[in-house]
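> Sequence:
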Amino acid sequence: MKKILVLIVTLLFSIQLVISQETAPPTSKIIDAANLLNDLKILSADDMQGRQVGTEGGAKAREYVLKRFKDSGLQMFGSSYLQPFEFSARIGTKINGVNVIGFVKGKKNADKYIIVTAHYDHVGVRKGEVFNGADDNASGTSALFAMAEYFKKKQ
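The numbers in the numbering used here rise by one with no breaks, and the one at position 35 of the sequence shown is 35.
Incorrect hints may appear among the rest.
Here are the computed lysine-lysine pairs in the DSS-like style, where the Cα-Cα straight-line distance is at most 27 Å [unchecked claim]:
1) 60 to 94
2) 108 to 70
3) 127 to 70
4) 29 to 152
5) 94 to 29
6) 67 to 112
None of these hints come from the bench; they were simulated from the model.
Generate the whole structure from the sequences, applying the supplied hints.
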């Protein structure tokens with residue numbers, strides 16, 4: 001009985017210790033890991049409404065992506081980062097969307113560059129449930145911001 005009591009107390013103490021420890025924020029010598037996670041949290045938040053093309057949530061996500069492109073120091077093609085497009089949904093409805101595209105000029109060859117475009121949209125809201133797409137388009141888009149900042153610094 002004494003052994004079981006000691007085991008239970010030890011187990012409870014261990015669980016308490018694990019729970020009470022805060023997880024260390026992510027770090028990286030190459031990218032701003034905390035900023036990448038913040039971008040991911042913002043893009044996959046419920047108020048982005050799943051970022052579906054043609055919705056208020058999609059427009060809000062696009063504005064955030066546009067801001068991050070500017071903050072990352074990406075240059076625009078022509079006078080805008082925005083590239084409108086149209087497509088037909090499966091039911092035949094025409095939907096207007098907007099891609100966001102920018103670039104970083106090469107360091108050694110200014111006539112060569114890296115193009116950055118964000119696939120920031122997702123499936124939106126279905127049957128009242130927000131499909132956040134954190135492990136899909138939001139994570140990839142967040143990674144693109146981090147890479148764009150890295151290449152801009154190395155330019």
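> Does each hint hold? Answer for all of them.
Verification of the supplied hints:
About 21 Å separates the Cα atoms of residue 60 and residue 94, which keeps this hinted pair within 27 Å; it holds. At most 27 Å may separate the alpha-carbon atoms for a hinted pair to count; residue 108 and residue 70 meet this at roughly 23 Å. Using a Cα cut-off of 27 Å, the hinted pair residue 127 and residue 70 is violated, with the two alpha carbons roughly 35 Å apart. A hinted pair counts as satisfied when its Cα atoms are at most 27 Å apart, and residue 29 with residue 152 qualifies at roughly 15 Å.
For the hint pairing residue 94 with residue 29, the CA-to-CA distance comes to about 45 Å; that exceeds 27 Å, so the pair is violated. Proximity of residue 67 to residue 112 is assessed by CA-CA distance (about 24 Å); at most 27 Å being required, the pair is judged to hold.
In summary, the numbered hints that this structure violates are 3, 5.
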